[in-house]
Structure formats: C-alpha cells, structure tokens
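In the order they appear, the protein sequences are chains A and B. Quick note on this note's numbering: the first sequence kicks off at 1 and runs consecutively. Quick note on this note's numbering: the second sequence kicks off at 1 and runs consecutively.
There could be a bad hint or two in this list.
Calculated cross-link-like contacts (lysine-lysine; reagent style DSS-like; alpha-carbon spacing at most 27 Å) [to be verified]:
1. A:78 / B:24
2. B:171 / A:104
3. A:78 / B:137
4. A:104 / B:182
5. B:182 / A:179
6. B:24 / A:104
7. B:24 / A:42
8. A:179 / A:202
9. B:24 / A:5
10. B:182 / A:42
11. A:104 / B:178
No wet-lab data here; the hints were simulated from the structure.
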Amino acid sequence: MGMNKAYDISTRSVARALGLELVELDDWNCCGATAYMAIREKRSFILSARNLALAEKTGRPLVTACSACYVVLRKLNKYMAENPQLRAEIRSALAVGEMDYQGKVPVRHLLDVIVSDVGEEGIRPRVRRPLTGLRVVPYYGCQISRPFGEIDDEEFPQSLDRLVSWLGAEPVPFALKAKCCGGMMMTTQPPIGRRLTGKILKGSKRSGAHGVVTCCPLCQMNLEAYQQQVGAEMGSDCEIPVLYFTQLVGYALGLGPRELALGDSLTPVESMLTEKVACT
Amino acid sequence: MNAAATVDLRKTFLGNIYAIPNGKKINECLQCGTCSASCPTSEAMEYSPREIIAALRAGLLDRVLKSNTVWLCASCYSCSVRCPAGIPFTDVMYELKRLGVEYGLCPNGATNAVMAQVFVESVDRHGRNHEPELIRKYLLRTNPLGFLRQVRLGLRLLRRGRMPVWPHKIKGVDVLRKMMAKIEENSAK
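So here's chain A without its partners, still in its complex pose (with noise of 0.2 Å):
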C-alpha cells in the first residue's frame, strides 16, 4: 500500500465484479525490480524465488499487476529452467529457510488474465456504463511485452487496445505505446527521464485523447507526477489525466469512486471520466 495503492484497490475491486479469486501472497517480498539484479543477480534470484516458492505452495498461478515484477519472476522461472546448476544453487539457497521451488509457477500479468481468461465474453456484458465518447491513449511500457512477448507483440502490443474497446471506450492508434517511460530515470537522470516521458504525454495530448490508461505503477507515476515540468521543458502542453487500466475497467463496470481509487490520482482523472463519459 505505497505510492500506487490505487492500484492496489482498485485491482481488488476489479477482481471482484469479475468474478476472479485473488488470494494476497502472505508475506510477499519485494522483486528486486531492475535496482536489485544491477549489482546483486544471485541475491535478486532470491528474492524471486521466495515468491514463488510461497506460490507453489498454493498450487495458484501467481499474478502480479506490475510490468517490472512480472518480468522479473518471469526470468527466473527461465533461468531454472535452462541453467540446472544455477536451479541447485537456487533451491539448495531456499531449503536454509525450509523452502523449495520447483520452478513450475506460471507468472502472469493481471492484464493478460483480464485480456485472455475473462475475455471479451466476459467483459462486454458486464459493462454497466459503457464507456462511449471516451478517447483513450493505451499505454504499455516496456515490461509487459519485451523482452518475452508471450502475452503480447513486443512492438506493437493490442491487448490492452482490445480491452479498452471491449468498454466502450475508443483506443488512440498511438506510435509511443511501447517506448520506455524512463523508469527509474526520472529519479536518477531527470533530463532524460523527462524528455522520454515528454515524448508520450506530448503524443498523447496531440492524439486528442481525454486520458492515458497504463498496466504498470512505475509508468503511471512518471507519467502522472511531473507533467508541468515536462510541459515547461518540451515547450507543450503535457497535461493530460493517467489512470490505472484496473480504473477504467472498473468505472465501465460501474464501481464508484472510492473502490477505484480514483481520488489519489495526481492528474483529474474521475472529473475526466465524468464529462466525457456520456450519461446513459
């Protein structure tokens, strides 16, 4: 419960109009994202494990709504799989603390669970507000989609396309929809994290879109926190609302407000959803 913890409900309340059973990981540790494995890979290969050790036992596949952990866990479950030596130090690691990993957990993101599971069969009829009028840029990031591409084109993603049209709701064709947002360089390299940043929220005013929709905390906060500086730096307006997919899912369900979160938004994300959304 950070500084994404719309995120966090609003991916509960989501989960729950649609029927899908999310059992929080007890005792969950962080992923390590990409800050860990750039100085300690074997520790990092831990802290996935663990994870997924904790999983196993569950018997569940492991969902993870951020592109960073997604990957991460994604990669280990890789690297067991090819390197058997790398595997015995992995699990010979874990039974110091009486834990196991046979590297069978499937990792999925919540978008593609949403996307592929519940579908469009299962999405479209429980639409209670359609999202009709609404113009949405759908972003993705780097992570979803590269560098695996087993859920989605590494280039040229759609799932999230779909999803949003399956609400009602238009989906911008947009060029930067897979261009790094900049990720931790925002913080460690403001000049470039802000031109990167700038491209997609310039590409996405100029679209005509009423708002951006993206599928990882990390691209949210950078897209939604430093807009006026980024303005003021590409000379362009770079106002535009950000909301969590799980939000605009939720909204065309017709959850409220509060079970989406939408108020933590930086951005006027909910007075967007109410004038462009057509009363029905």
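Fit chain B to the given chain A structure using the hints.
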C-alpha cells in the same frame, strides 16, 4: 588498467554472459547497430550499445565501465527483441553494471548505481522497498538540494495518502537474508 587485469575482466565478463540463456550469441554480433538505434537513451551514452561490443572485442571494456554508459540503460529490452543475432543485450548491460561495481570502475556520476545500492539496502532491511526511504536516501547521497525540490511532490502524495510513513517489514526477512547469504556463499566456491 594493466594488461593482465584487462584479460581477467574480459574472461569474467564472457564467463558470466555465457551462463545466461542465449548468452553465447554475443559472439555473433555483426555490428549492425540495430541496438543503438533502438535504444531510447543511447544518445546520452558515451558508448552506444553497438560500440560496447566493439570495445569488448578491442579489449577496451574497462573504458566502457569507467563511463556512465551502462547505467543509462533503463532496461526496456528494445535492443534485445530487435537484435538480429538474438543477443540478450539488456542482460549484457546488467552484467556490465555488476562488473563495474565489482571491479571498482563505476564512475561517481553513475546516479543509477547509487539508486541500485540504496534499493538493495532498503530491500535487505525490510524485505520490501520503502519508497520514501529510497528517495530520501538516494537524494541525500547524490543531490541534497534535489531533496528540497521533491518536497512538493512528496506533499502532493502525502495529501492523497500515498506516502507511507513507516516501512513494512516482512515476517520472513531474517530467513530471506540467510537464504541470500547462502546463495552468495555457494557461488563464491
């Protein structure tokens, strides 16, 4: 760096790269430059991704590691998915980041290395990443004035209940640390 150290660096690097899936493909680089053209941050790098492999072949890897280059990789995997030789270049970048730290070649201006260090400390301590602590420690180590500039954003987040005051420590953090120590000890053998 003397000649022996350069050879050692290269050997360690290739050994580690060969251990990752598809790592051996690094030898198939044909210097086409697709990686550099695809990289969203290459224009800020002293050596572009293509040049890194050229430097490796020329025995100049230490120069790359002394530059800010590898720490400007945002891990977006564009190079990896486009490389016609199938080189997992993002993972090569990760290896170079670790090697620079290990050999003490990492430059002072590599702010991403400081961030990674602070991140590791936070996760080792709590088992999770405590965002306010991360930003505070990072800025105090790199740019204390920048800390003041972040205060406004901090307050906007705080007003919306998005600034957790206390870190959450996981129950299994001691065991987690033991398991991490164990894997490091295994690989040191």
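Results of checking the hints against the structure:
1. A:78 / B:24: Roughly 16 Å separates the two Cα atoms, so the pair holds.
2. B:171 / A:104: holds, 25 Å
3. A:78 / B:137: violated, 33 Å
4. A:104 / B:182: Roughly 22 Å between the alpha carbons, so the hint for residue 104 of chain A and residue 182 of chain B holds.
5. B:182 / A:179: violated, 38 Å
6. B:24 / A:104: Holds, at about 26 Å.
7. B:24 / A:42: Holds: residue 24 of chain B and residue 42 of chain A sit about 20 Å apart, inside 27 Å.
8. A:179 / A:202: Answer holds: residue 179 of chain A to residue 202 of chain A is near 13 Å, not above 27 Å.
9. B:24 / A:5: Status violated; Cα separation ~42 Å.
10. B:182 / A:42: holds, 10 Å
11. A:104 / B:178: The hint holds at about 24 Å.
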